[in-house]
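Sequence order for the protein chains is U and S.
Per my numbering, the very first residue in the first sequence carries number 1; after that it's consecutive.
Per my numbering, the very first residue in the second sequence carries number 1001; after that it's consecutive.
Think of the hints as simulated: they come from the structure by calculation, not from any bench.
A portion of the hints provided could be inaccurate.
What the hints assert, rightly or not - One side only, chain U facing chain S, incomplete, derived with CB under 7 Å:
1. Gln121
2. Arg124
3. Val126
4. Thr127
5. Gly129
As the list claims (entries may be wrong) - Across the chosen pairs, the derived CB separations fall in these ranges:
6. Lys1096(S) x Leu112(U): 20 to 26 Å
7. Val52(U) x Glu1094(S): 36 to 42 Å
8. Asp1084(S) x Lys98(U): 42 to 48 Å
9. Leu1023(S) x Glu69(U): 27 to 33 Å
10. Thr1097(S) x Pro53(U): 22 to 28 Å
11. Asp1018(S) x Asp57(U): 47 to 53 Å
12. Asn1051(S) x Lys94(U): 29 to 35 Å
13. Thr13(U) x Pro1064(S): 39 to 45 Å
Bear in mind the structure is a predicted one, so any value in this text is a computation, not a measurement.
Positions of the beta carbon are idealized from the N, C-alpha and C atoms, including for glycine.
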Amino acid sequence: MKFGIVINEGPYTHQASDSALQFTKSALAKGHEIFRVFFYHDGVNNGTSLGVPPQDDRNLPNQWSELAEKHNLDLVVCVAAAQRRGMLDEDEMKRHGKEANNLVKGFRISGLGQLIEAGIQADRLVTFGD
Amino acid sequence: MSTLHLVNKSPFERNSLDACLRLAAKGSAVLLFEDGVIGAMQNTKHSDAINTAMSDHKFYVLGPDIKARGLNDDNVIDGINVIDYDGFVDLTTEHKTVQSWL
């Protein structure tokens, strides 16, 4: 079955990103396809490369990035939500004349159309949030 | 093939469980996870609501989230099925739609 995952909450806030990660891992292990993971609202903060959690704590952005690399996942960050919160990739950095960018490898910035498409293409859309 | 409702907050914190039980169509399923697992515990002021709703809905609770909170599976209301993440994924495939009560 094809899944779309939506995450509306940042890492280390409550549990949305952790729950979504566990759910995604389980779904992949069971042979399901993850069509897309869409990060919306504060969820875009899951894509930061600048977080430095304590060594004995999980690094959620890296865990998503590693899972994406292993399973070729499409991790999409909402552009409008990202701009408000200072989440930029290299293109957005240049476009807005900023001096840094901070999107973890494996994530990409795109628009809400990607969420709509996930809703249409996936058999199930599962939303995690606060 | 009905709806799976996801409730992730304690009934002592939010009214999402109450709203879900009030509005969910008969025959749908409810999964309590994250802080929502607190709603699955016996002998709280919210237990009766679930006991009553059990004739209309199937109830599930996520075991790892019970454990993460230092709670005990033995205190889960009789009739609520304790499942793991694999069971969570299965539930989403067995129901036609998934509704998160955020």
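Requested in this report: Check each numbered hint from earlier against the structure, then list the numbers of those it violates in ascending order.
Outcome: Checked against the structure, the hints that fail are numbers 1, 9, 10, 11, 12 and 13, while the rest are satisfied.
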